[in-house]
Every structure is written in structure tokens, then in C-alpha cells.
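Colleague: So the chains spell out like this:
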Amino acid sequence: DAKTTQPTSMDCAEGRAANLPCNHSTISGNEYVYWYRQIHSQGPQYIIHGLKNNETNEMASLIITEDRKSSTLILPHATLRDTAVYYCIAAPNTGTASKLTFGTGTRLQVTL
Amino acid sequence: EAGVVQSPRYKIIEKKQPVAFWCNPISGHNTLYWYLQNLGQGPELLIRYENEEAVDDSQLPKDRFSAERLKGVDSTLKIQPAELGDSAVYLCASSWNRGSTEAFFGQGTRLTVV
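Respectively, the protein sequence lines represent chains A and B.
Just so you know, the first sequence maps onto residues 29 to 140 in my numbering.
Just so you know, the second sequence maps onto residues -9 to 104 in my numbering.
It cannot be assumed that every hint is accurate.
[What the hints assert, rightly or not] Away from chain B, derived, C-beta distances all over 12 Å, residues of chain A:
#1 E42
#2 P72
#3 Q73
#4 K80
#5 A88
#6 I102
#7 V113
#8 A119
#9 N121
[To be verified] Cut-off 30 Å, straight-line C-alpha distance, at most; resulting in silico cross-link-like pairs (DSSO-like, lysine-lysine):
#10 K1/B to K127/A
#11 K127/A to K68/B
#12 K6/B to K31/A
#13 K61/B to K1/B
#14 K80/A to K6/B
#15 K127/A to K80/A
#16 K68/B to K52/B
#17 K52/B to K6/B
#18 K127/A to K61/B
Don't read these hints as lab results, they were simulated from the structure.
Just so it is clear, the structure is predicted and the values come from calculations on it, not from any experiment.
Even for Gly, the Cβ is constructed at its ideal location relative to N, Cα and C.
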């Protein structure tokens, strides 16, 4: 699986958009970009995934560059409850749940 | 619908003592995972079950760790004897099957070995 690189930490003001970058320059053609987040004292939670088109769901938007070497997770209106560690993972779409390799993620702190 | 349930939430034991963690996956999920999460790190897979069969246990330290999933539903992870370095959070997760794209995690058990 391709290695991903994320900033260690980020801050965001409540109500503003949180843009979390991820670099995956060695991603292969059959690998998707997955995002999970882990709120303090809880297990990781799936957010969104995509291959090459931008994706949006009720939690977030995922923007993947045309060359697929990087992506950005966008939380459009961050709240204090979005404070968490966000993990970017590159993995095949089939059986992804069995191939989750978590790095150290980005610790997002949402402040008043 | 209940999510993945783990117990206990917290456990403090002395080194060299045994300890066991229990996991009840989401109903109908055939695949069950145990992960280890050290402080400041992401979760790491210890073992994966397809129904009652352990299909990936390459990262499980078999000298002191053992796991079972009788009847393909609940699972237990055991450490005997525990060492100081085993202090961590032990997470259980489940998915519909090995082809699933999403895994659902429990809240974890925080183990402290003193």
C-alpha cells in the first residue's frame, strides 16, 4: 500500500472550514484514498473515500488532485466536536477494511 | 443498532498477571479485527478473523498473546503474562466481510500494566 504523509497537527477556528492535506505521491492506480478520524477515547470512524473524482457526504468533502498524488479533506464548518486525529490511508477498494494501515495522522484542534 | 462493544473500558494489572479483553461485533459482521494502539500512534492490526477462523495473525506476539472467536461471533484477546510494554489501547473492529470497504471500531480497552 502507498505511504501517506500528513502534517502532525493543525488548528481551526470553530465555524470555519478545516482543510486537511494528505500526500500520497506513490499511490497506485487501484488504490483509493480513505479518511478515518479518531475522537479522544473512541475508536476510529470512517469519514469518506474516493478514487479520482471529488466526493462529498454529510460529514466532509474529499478533493483529489488530477495526478492523484495528493488530496484534501474538507470539513466545511468545523465544530468543537470535530477535534480529533484524522488519518489518510491509501488502499485498494476491495477488502479495504482488511488493509487499513494507520499512520500517525493529523491532530486537528478546533477552537472557539 | 448497537455498535462494536468492548469490555472492560479500562484495566489496570500488575506485570506478569494475565488479562483478557472481550469484543462483541456488530450483528451479522463476519470479519473481526483486533488492533493495538500505542500512545501517539495509529492502530496496528494484531489479528483478523473470518467467522471463527484466524486468517491473519502475523502481527500477534504468540508467545504471550492469544485470541479466539468461538462460534464466529464474540471474541476474546488474552495476554499471559502481561509486561509493562503491553500498556496500550486494544481496539476491536468488525466489517461485513473481507471485501468490505469500511470497518467499524469499538471504543477500545485501555490497559495499564504496573
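Colleague: Taking the hints in turn, state whether each one holds.
Modeller: Going through the hints against the structure:
Here E42/A stays apart from chain B, with its beta-carbon at least about 25 Å from theirs, past the 12 Å limit. For P72/A, the requirement that its beta carbon stay farther than 12 Å from each beta carbon of chain B is not met, with the minimum near 5 Å. For Q73/A, the shortest C-beta to C-beta distance to chain B comes to about 7 Å, within the 12 Å cut-off, and the non-interface label is violated. With a closest Cβ-Cβ approach of about 16 Å to chain B, K80/A is found to remain outside the 12 Å limit, as its non-interface label requires.
Interface exclusion of A88/A from chain B stands, the closest Cβ pair being 15 Å apart, more than 12 Å. Even its closest Cβ contact with chain B, about 20 Å, leaves I102/A beyond 12 Å, as expected for a residue assigned away from the interface. With a closest Cβ-Cβ approach of about 8 Å to chain B, V113/A is found to fall inside the 12 Å limit, against its non-interface label. With 12 Å as the threshold on Cβ separation, the claim that A119/A sits away from chain B is violated: the shortest Cβ distance comes to roughly 9 Å.
Non-interface status of N121/A relative to chain B is broken: a Cβ of that chain comes within 12 Å, the nearest being about 6 Å off. About 28 Å separates the Cα atoms of K1/B and K127/A, which keeps this hinted pair within 30 Å; it holds. Straight-line distance between C-alpha atoms of K127/A and K68/B comes to about 23 Å, which keeps the hinted pair within the 30 Å bound. Between K6/B and K31/A, the direct Cα distance comes to roughly 37 Å. Violation of the 30 Å bound is thereby established for this hinted pair.
For the given pair, K61/B sits about 26 Å from K1/B by alpha-carbon distance, which is consistent with the 30 Å threshold. Proximity of K80/A to K6/B is assessed by CA-CA distance (about 50 Å); at most 30 Å being required, the pair is judged violated. Only pairs whose Cα atoms come within 30 Å are accepted, and K127/A paired with K80/A is accepted, the gap being roughly 20 Å. Pair hint K68/B plus K52/B holds up; C-alpha atoms about 10 Å apart against a cutoff of 30 Å.
For the hint linking K52/B to K6/B, the alpha-carbon distance of about 16 Å falls within 30 Å, and the restraint holds. Proposed proximity of K127/A and K61/B is supported: the alpha carbons are some 24 Å apart, at most 30 Å.
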